[in-house]
Amino acid sequence: MPKRATLTYTSEDAPHLPGDQLSVYYCKYSGKHAFTIDCDINKLPRRRTDDAIIVDTRQQTVKFYTTDGGIKLIKRKDGRVERQCRLNVGELPVAYKTTPEGHFLYVLSNAVAAYTGRINEKKTETPVPPCIMYVEPKGCQIALEVEDKATKPDIIKISADSVRIAVVSSVSHDHANEEILEFMAKVLGARLTQMSLVRGTSTRHKMLMVEHMTTQEAYQRLQVVTKK
2 MPKRATLTYT SEDAPHLPGD QLSVYYCKYS GKHAFTIDCD INKLPRRRTD DAIIVDTRQQ
62 TVKFYTTDGG IKLIKRKDGR VERQCRLNVG ELPVAYKTTP EGHFLYVLSN AVAAYTGRIN
122 EKKTETPVPP CIMYVEPKGC QIALEVEDKA TKPDIIKISA DSVRIAVVSS VSHDHANEEI
182 LEFMAKVLGA RLTQMSLVRG TSTRHKMLMV EHMTTQEAYQ RLQVVTKK
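Numbered according to our numbering, the sequence shown spans residues 2 to 229.
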């Protein structure tokens with residue numbers, strides 16, 4: 002049994018970053034804040050072994066919002082066993098170090114999505130919050146947070162982490178999922194056949210899949226409801 006290391010990082014663990022140079026990254030699957038960094042990580046080199054993005058913390062300034070994911074032993078193709086000190090967002094790993102004190106941070110491939118605080122120079126599109134994520138080939142996923150036993154279904158708030166909605170049914174009943182799909186189809190102007198709940202069918206935190214709709218289209222249609 003390997004010895005467990007504590008690797009908990011929050012905004013208090015790193016220096017202040019200038020706002021005009023920030024790139025904010027969120028867990029691609031939960032929509033929660035993972036880290037903020039002073040560069041575009043997609044321009045950084047990658048490991049050959051697992052395609053993880055290499056962040057040299059001596060050159061990049063990073064603020065983490067992760068928790069200790071424990072130690073994972075990974076057997077590589079050449080037979081070597083690699084020790085990874087995982088950094089989690091909730092229960093999901095998004096990055097790791099090979100040693101707790103190491104300068105190199107490895108961001109797992111396809112684990113995070115970017116949301117930049119920079120203003121769109123062309124001003125043609127509003128930045129889409131990371132709770133609304135692109136899914137190949139032509140769709141999007143929307144992270145939902147559900148408040149039940151309301152007087153009527155409604156869109157309460159759109160944040161970086163989730164779209165908070167209200168439903169009449171109790172979230173513990175199957176009928177709540179039907180109500181959510183029908184309501185969101187109406188809000189988004191989509192057919193029921195385009196939509197499905199891919200995660201969280203029995204909890205307050207759900208992931209809605211919408212086929213044949215861009216993230217920008219989904220966000221704009223959600224905004225119309227919240228502005229009423």
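Treat the hints with care, since some could be wrong.
[To be verified] What follows is a list of derived Cβ distance ranges for each label pair:
| no. | residue 1 | residue 2 | range |
| --- | --- | --- | --- |
| 1 | GLN61 | LYS150 | 44 to 50 Å |
| 2 | LEU45 | GLN221 | 27 to 33 Å |
| 3 | THR50 | LYS150 | 46 to 52 Å |
| 4 | ILE75 | SER203 | 29 to 35 Å |
What the hints contain is simulated information worked out from the structure, not anything from laboratory work. Glycine included, every Cβ here is placed at the ideal spot set by N, Cα and C.
A quick look at each hint next to the structure:
1. GLN61 <-> LYS150: 44 to 50 Å: About 46 Å separates the Cβ atoms of GLN61 and LYS150, which means 44 to 50 Å holds.
2. LEU45 <-> GLN221: 27 to 33 Å: 32 Å, holds
3. THR50 <-> LYS150: 46 to 52 Å: Cβ of THR50 to Cβ of LYS150: about 50 Å, so the range 46 to 52 Å holds.
4. ILE75 <-> SER203: 29 to 35 Å: 32 Å Cβ-Cβ, so the 29 to 35 Å window holds.
Hint compliance for this structure: every hint is met.
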